[in-house]
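Chemist: Here are the chains, one letter per residue:
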Amino acid sequence: MTEEDHVVLGVNVLVLGYLPAAWQWDRRLAANAPVDPAYWTHIAQTAERATLDAVFLADAPAAGNPAYDANATRLEPTINWAHVAAKTEHIGLISTLSTTFNDPFELAERVLTLDYLSEGRAGWNIVTSRHEAAAGNFGLADFPERHDRYRRADEFVDVVMGLWRSAATGVPIEHSGEFFELSGVLRVPPSPQGHPVLIQAGGSAAGRRLAGRVADGVFSAELTKEAAIEHYREVKELAVRAGRHPSEVKILPGILLSLGSTEEEARRRSDMLHELGPGAYSVQWLSGVLGIDASRLELDAPFPEDVLDRALDPSFENGSIGFRQSIVARVRQTNPTVREYLRETRYVGSGHHGFTGTPEQLVDHIEDWFRSGAIDGFNLQPDVLIDGLEVIADEVIPRLRRRGLFRHEYGTATLRDHLRSASVAAVK
Amino acid sequence: MGAHRFAVSLSGEELIEVRNDPDLLEGLDGSPLACLIAGAERIRGTAPERTLEPSVAAALLAERAPRTAWLVAGAPHFDHPYNLARRIASLDHLTAGRAGLLLGVRSRYAPHGPGRDTAWGGAGLTPGAPLDAATGLDAAKAIARLWRSWPAEAVLADRATGVYAAADRIVRVDHHGAFAIEGPLTVPTTPQGVPVLAWWAATPDDAAVGAQAGVAEMLVVPDQHARRSGTPTWVEVEICTDAARLVRRIQAATAEADASGVVLRWESATTKLRDVLEITLPALDRAGLVDVSRGGSLRERLGLPDAELAFAHAGAAFPAPQPLA
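Each protein sequence line maps, in turn, to chains A and B.
For the first sequence, my numbering begins at 220 and goes up steadily by one.
For the second sequence, my numbering begins at 6 and goes up steadily by one.
Excised from the complex, chain A in its bound form (with noise of 0.2 Å):
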């Protein structure tokens, strides 16, 4: 196998894994799992085992409803992989923080620290964040619009990346713009890598752009192959435009997992799972990622056309666009019913694209869509983490490795040159 030829594989800790009923699912796991240290270190050991390229965190500063789900329990993140870095050697450390919710000194610092301590390891994950509550805990009568939050996270990104060289130079950076205006300089010794990675998240025309022009990896919504396969030329268009390579922005959809070793056992895994969990579950999902009250929907009939294209509307505030773009392509791709359509979701995703199988399966899968120049790698997301990561360590990290696609042990040390050890399927 040659080192220019591997996919890039993340996971994406939803904390105990992406379905509610996580928590209930192994006896390992005590009611205090989402903030214990032990089970921390044990998915960053586990994951570092499997040679992954980053753990990812996901976050809001603002706490969920936990009456069902464990996964409302949120460390914050760049605390969190700092005690992880500690007990850990190569694993990519990605924080996901708001730049809407901080200064971008005071973030541009303490990520920085991260890297510093880890060795070159950090990365941030960019977003402009969509929860609510989050206005409320920050003095904030509104929740800043959509447009206004991009324009800010344009701006943010852009004094960050300025302080991040400050450290370096020693020079003072001084900036003046719409949302921030400072002069200052940064005091954190720069890192192995130089600054830590950026990860642009999200699907909007704005964030694409954003992340040709500086990001290292985009985590991206994708359901269908087609779409994918749209979006990662757009971007790394977007990039050979801003100047780069394509090769230096990393294209990594979201991907739900439940795993099985055989297909009937993993869709029962996946039921199980969705039942344990409260059955309002999925309509609240679909209400929040689409902005309407999804149970007024009926749900023997499809879809009301109303209902997508006003999902599709770029002006249309509430929930995530990538996803909900996602969602629209899926659900015009089979018109299925709303029963269905939720249904279905169980086993090949819904916003983020899902997958229910074999390790074998999934690993065709992969290269599938490696092969077609959709991806560059995927952010994996196992339904329940604690046992879905070893069968990503033990059966499906293996397989890769036998067909040439992953690495069999860390050829580097810094996050950046993790992703850039990786190979660019499509634009050769």
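Careful, some of the hints might be misleading.
Said to hold, decoys possible - Non-contacting residues of chain B with respect to chain A, defined by C-beta distances greater than 10 Å in every case (computed):
hint, residue
1, Gly-7
2, Leu-65
3, Gly-198
4, Ala-207
5, Asp-247
6, Ala-257
7, Thr-276
8, Pro-287
9, Asp-296
10, Glu-313
11, Gly-320
12, Pro-324
What the hints assert, rightly or not - Label pairs and their calculated CB-CB ranges:
hint, chain 1, residue 1, chain 2, residue 2, range
13, A, Val-390, B, Pro-27, 45 to 51 Å
14, B, Ala-162, A, Arg-515, 30 to 36 Å
15, B, Pro-135, A, Thr-388, 32 to 38 Å
To be verified - Some, not all, of what chain A presents toward chain B, calculated at C-beta under 7 Å:
hint, residue
16, Gln-243
17, Asn-284
18, Glu-325
19, Pro-408
20, Val-547
21, Val-550
Quick caveat, the hints were computed from the structure, so don't treat them as lab data.
On a predicted model such as this, the values are computed, not experimentally measured, just so you know.
Note that beta-carbon positions come from the ideal geometry of N, C-alpha and C, so glycine has one too.
We have chain A; now place chain B onto it with these hints.
Modeler: Using the frame of chain A, we list chain B on its own:
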């Protein structure tokens, strides 16, 4: 003349040194110190050439030195109280109750510009609050409430009913002051109840503000301002090479404040941490001044009582869940 508990104050420069010197970290791990203070230079003096963000640094170092406990310096200058409260509570969980916050008002590393001389104004979201002790006290109140907003007992993890948490026991804080914060926090109360909340008082006036209303559990004051107050007080004493003089300085300051403990500090340019561990502390020990700190939690090591967790909250944050099965 009794013995005292001791802490040492590590500036950013020393955090970097400790990060890169495993022997030094091991020395701290085996020391008789009650705790280490991370990054106090940012809230107390002039900013040295190099530093690290102290909460992230403490998270890594505490894991590598499992017998250490940490007070992390922070200020609501360019760091929002919600974010600060979350990071320190997260640190307290990950260190199994060995963390606390030493709250100041101003950060000496702050950049310059419009709104940058206010608390949180530089973030470009709100005009910001005056950078004074009253704003610091308001941040302290908000942080103390956020730390109490999700009682750990609300977590049931009941597989029989499918209910993970009695979410109606999690409460909003609806704090309205220099900062407006609804809450709740994103994590439950911690292994030591709540992290220790300490107040940095550069002046006697600041100390008086910090001692108000029982918000801060302890004060840290420079020795020239050592006074008795109703709140446990740690006096900060600058190290000098003459051991006899240092002993006299410590005795004078602790008597003046009826102090609960002593924080040793020094300038990185003139004193080395290794010398503090290998020369200064043993000399103080020989003089009978060092009371070895014991206990697992930071609270125990500082000699503080359990914190009261009840507070005047603003009602349930979520409805009571119904059993699924």
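Chemist: Against this structure, judge whether each hint is valid.
Modeler: Now the hints, each set against the structure:
Interface exclusion of Gly-7(B) from chain A stands, the closest Cβ pair being 36 Å apart, more than 10 Å. With a cut of 10 Å on Cβ distances, Leu-65(B) falls inside the contact zone with chain A, its closest approach being about 5 Å. Listed as outside the interface, Gly-198(B) is consistent with that label: its C-beta sits roughly 14 Å from the nearest C-beta of chain A, beyond the 10 Å cut-off. Distance check on Ala-207(B): its Cβ is at least 21 Å (rounded) from any Cβ of chain A, clearing the 10 Å threshold; non-interface status holds.
Separation of Asp-247(B) from chain A is adequate, the least Cβ-Cβ distance of about 32 Å exceeding the 10 Å criterion. At roughly 34 Å from the closest C-beta of chain A, the C-beta of Ala-257(B) stays outside 10 Å, upholding its exclusion from the interface. Every beta carbon of chain A lies more than 10 Å from that of Thr-276(B), the smallest distance being close to 20 Å; the non-interface claim holds. The claim that Pro-287(B) lies off the interface holds: its Cβ sits roughly 28 Å from the closest Cβ of chain A, which is beyond the 10 Å cut-off.
The beta carbon of Asp-296(B) sits about 29 Å from the closest Cβ of chain A, which is more than 10 Å, so the claim that it is off the interface holds. No beta-carbon of chain A is positioned within 10 Å of the beta-carbon of Glu-313(B); the least distance is around 22 Å. Taking the minimum C-beta to C-beta distance to chain A, about 14 Å, the non-interface status of Gly-320(B) holds against the 10 Å cut. Residue-level check failed: Pro-324(B) sits 8 Å from the nearest beta carbon of chain A, not beyond 10 Å.
In this structure the supplied range 45 to 51 Å is violated for Val-390(A) paired with Pro-27(B), their Cβ-Cβ distance being about 33 Å. The given range of 30 to 36 Å is respected by Ala-162(B) and Arg-515(A), whose C-beta atoms sit roughly 33 Å from each other. Judged by the Cβ atoms, the range 32 to 38 Å given for Pro-135(B) and Thr-388(A) holds: they are separated by roughly 34 Å. Hint on Gln-243(A) holds. Least Cβ distance to chain B is approximately 5 Å, under the 7 Å limit.
Interface restraint check for Asn-284(A): the shortest CB-CB distance to chain B comes to about 5 Å, inside 7 Å, so the restraint holds. At a threshold of 7 Å, the smallest CB-CB gap from Glu-325(A) to chain B is about 5 Å, leaving the interface hint in force. About 6 Å separates the beta-carbon of Pro-408(A) from the nearest beta-carbon of chain B, less than 7 Å, and the hint is met. Below 7 Å, beta-carbon pairs count as interface contacts, and Val-547(A) has none with chain B, the closest being about 31 Å; its hint is therefore violated.
The interface hint given for Val-550(A) is broken, as the beta carbon of that residue sits about 28 Å from the closest beta carbon of chain B, more than 7 Å.
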